[in-house]
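Enquirer: Given next are the chains, with one letter for each unit.
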Amino acid sequence: MTKQSKPTPGATAQLERRYKAMLLPALFAVGLFALIPLAGMIALSFSDYHLMRGTKWEFDFDNFVRLFSDRRLSQSIYAMSILSFFGVAAQVIIGAAIAIGLSKIVSTKWRMGRVFFLLPYAVPHVAVALIWLSLFTPTLSPVNAFFDLFGITVPSFLTTQNGALFAIIMADTWTNFPFTMLIVLAALQGISPDLEEAASLDGASRVQSFFFITLPLLVPAFLMVTLFRFIDSLKHFPMIFVMTKGGPGRSTQATNYYAYIQTFQNSNVAYGAAIAVSLFIVAAVISFYVARLNQRITS
Amino acid sequence: MIDTSASFRFKKTIGMSMMWALLIFAAFPTIWVLIMSLREDSVIFEPFWESPLAVTLDNYFKITRSDFPRALMNSFICAGLSTLLAMIVGVPAGFALAKSRVSGKFYASWLLLLLRMAPPVGFVIPLFLLYVNAGLIDTYFGLIVAYMTLTLPLIVWSMWNSFAQVPDELIEAAIMDGASLFKAFLLVALPAARPGAVAAAILGFLIVWNDFFYALIITRSSTVTAPVAVMNFISYDSVDWGSIAVASIALTLPILPLMVIANRYIVQSLSGAVKG
Chain A
0 MTKQSKPTPG ATAQLERRYK AMLLPALFAV GLFALIPLAG MIALSFSDYH LMRGTKWEFD
60 FDNFVRLFSD RRLSQSIYAM SILSFFGVAA QVIIGAAIAI GLSKIVSTKW RMGRVFFLLP
120 YAVPHVAVAL IWLSLFTPTL SPVNAFFDLF GITVPSFLTT QNGALFAIIM ADTWTNFPFT
180 MLIVLAALQG ISPDLEEAAS LDGASRVQSF FFITLPLLVP AFLMVTLFRF IDSLKHFPMI
240 FVMTKGGPGR STQATNYYAY IQTFQNSNVA YGAAIAVSLF IVAAVISFYV ARLNQRITS
Chain B
0 MIDTSASFRF KKTIGMSMMW ALLIFAAFPT IWVLIMSLRE DSVIFEPFWE SPLAVTLDNY
60 FKITRSDFPR ALMNSFICAG LSTLLAMIVG VPAGFALAKS RVSGKFYASW LLLLLRMAPP
120 VGFVIPLFLL YVNAGLIDTY FGLIVAYMTL TLPLIVWSMW NSFAQVPDEL IEAAIMDGAS
180 LFKAFLLVAL PAARPGAVAA AILGFLIVWN DFFYALIITR SSTVTAPVAV MNFISYDSVD
240 WGSIAVASIA LTLPILPLMV IANRYIVQSL SGAVKG
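As given, the protein sequences belong to chains A and B, one line each in that order.
Under numbering that gives the first Met the number 0, the first residue of the first sequence carries the number 0, and numbering increases by one thereafter.
Under numbering that gives the first Met the number 0, the first residue of the second sequence carries the number 0, and numbering increases by one thereafter.
Keep in mind that the hints are not guaranteed to be accurate.
With a cut-off of at most 16 Å between alpha-carbon atoms, the simulated EDC-like pairs for lysine to aspartate or glutamate come out as follows [unchecked claim]:
1. 182/B with 15/A
2. 104/B with 15/A
3. 61/B with 239/B
4. 103/A with 15/A
5. 234/A with 147/A
6. 103/A with 196/A
Simulated from the structure, these hints should not be mistaken for lab results.
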């Protein structure tokens with residue numbers, strides 16, 4: 000505590016009132032632009048609102064009951080899980096490998112390389128999806144043409160279930176690994192070189208000191224990155240829309256995309272809202288833990 | 000201790016090959032877009048090494064005659080205005096959350112995180128119905144208001160972080176000297192948090208610039224933004240790859256300098272944390 004004279008309680012109360020006045024516009028805006036739509040979404044999810052079939056405005060749990068018997072929903076959860084798990088894993092591994100490589104293997108060289116490693120993160124997702132669509136289009140792709148030189152025919156990924164999932168994971172990984180790379184680079188910079196030096200004085204090899212000293216210190220960064228990437232991966236949309244339209248069949252209809260299909264293509268707004276509410280609950284639980292984690296880090 | 004043994008050199012070689020492989024993975028799609036944008040229409044389906052001289056700027060000229068430049072302008076307008084509005088409302092709020100003793104800060108941080116993480120389809124369904132009934136589909140006003148749901152939570156959260164790093168004593172001293180709280184905020188705290196404010200504005204701009212989903216649902220033609228307008232180059236029976244390549248470049252180039260400035264801050268906004 001500083002030895003400053005404390006302001007009187009009356010002045011403090013007045014100050015707090017002024018702080019609250021500064022909060023008000025934002026509270027009002029969040030209420031208007033975010034909470035009212037949210038309330039609307041929840042209300043819709045209990046309704047029978049349908050853009051084509053007509054609406055009686057009856058409110059019940061039908062939509063939520065239907066969720067449990069909807070095979071398309073379970074399919075979409077499977078697609079979302081595959082995209083999230085393999086996408087996030089690839090992004091964390093590749094991003095971390097590049098960060099570690101940049102700081103331990105090529106160190107101060109490769110200035111241009113750094114730019115190329117960061118660039119994919121700047122490309123808007125629609126452009127990312129279109130670029131990878133072109134790379135996965137057999138008649139156009141230079142990758143296919145290159146392998147043709149050796150008589151190898153690259154399969155058409157976008158026409159098979161697993162191939163289409165793989166294609167989306169590739170595009171997603173390409174644009175998001177720099178995020179992991181940035182965070183891990185920052186974490187590596189925060190580790191004192193004295194630690195590894197001390198380990199090498201004690202007879203540890205470079206590889207040993209990396210695995211037993213550096214890597215454990217990177218765990219919090221890995222956790223944070225994984226969590227944030229995982230949350231984002233639940234929102235998959237542009238890549239599915241551009242690259243596969245959910246197909247072939249329904250194999251790449253992740254849940255977020257399925258909610259869009261139900262609402263805007265099948266006109267079943269109420270059911271789409273029920274799916275959105277379910278996703279929202281998942282996001283609420285995760286963000287609660289992130290907020291708690293954040294609070295614990297700072298206090 | 001410098002290790003020059005054969006095993007060390009072997010590991011170094013493996014490491015270097017891995018880095019080169021990753022560099023190719025990272026750089027190749029970017030180079031491919033550049034190549035695609037420069038190819039003549041007639042040779043676009045041939046491997047580029049077979050006709051390396053069929054280079055043209057036609058695609059670049061062609062796109063200036065399309066609707067795409069207008070869509071880019073729309074993107075600028077929406078990203079700029081929704082960020083500006085969110086800054087006006089969000090920066091004082093971030094300051095108040097960082098420095099006041101109001102209760103419920105934990106719930107405020109939860110709400111802000113939740114709004115950032117929630118699937119956009121949840122916001123878009125009710126907004127879409129509201130807009131259809133209020134005649135706000137395909138209007139700048141409607142789009143900018145919708146984007147506030149993206150920019151405001153991000154900016155309040157970032158500014159909360161930034162102001163938390165400004166020493167309390169600085170503001171207390173200004174108030175002791177007779178400044179009002181608002182003056183202390185404007186003349187003392189804000190200049191001290193300026194790098195954070197610049198970064199928050201950039202991140203807000205980027206998130207709107209990148210948006211595809213909101214614009215897909217609530218624009219039709221006159222306010223369509225660039226990410227949705229690119230899709231016009233894909234028609235039912237053909238795909239104009241040359242224009243798509245140019246459009247992808249046009250979508251990326253304007254925000255590249257912003258990314259370079261903001262990338263340091265992306266790290267801070269995750270690791271630097273909010274004071275509870």
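Enquirer: Work down the list of hints and note, for each, if the structure agrees.
Expert: Taking the hints in turn, this is what the structure says about them:
1. A hinted pair counts as satisfied when its Cα atoms are at most 16 Å apart, and residue 182/B with residue 15/A qualifies at roughly 15 Å.
2. With a C-alpha separation of about 14 Å, the suggested pairing of residue 104/B with residue 15/A holds against the 16 Å cut-off.
3. For the given pair, residue 61/B sits about 11 Å from residue 239/B by alpha-carbon distance, which is consistent with the 16 Å threshold.
4. A hinted pair counts as satisfied when its Cα atoms are at most 16 Å apart, and residue 103/A with residue 15/A does not qualify at roughly 50 Å.
5. Distance hint between residue 234/A and residue 147/A is unfulfilled; the C-alpha atoms sit about 36 Å from each other, more than 16 Å.
6. With a C-alpha separation of about 14 Å, the suggested pair residue 103/A and residue 196/A falls inside the 16 Å cut-off, and the hint holds.
Of the numbered hints given earlier, the model fails hints 4, 5; all others are met.
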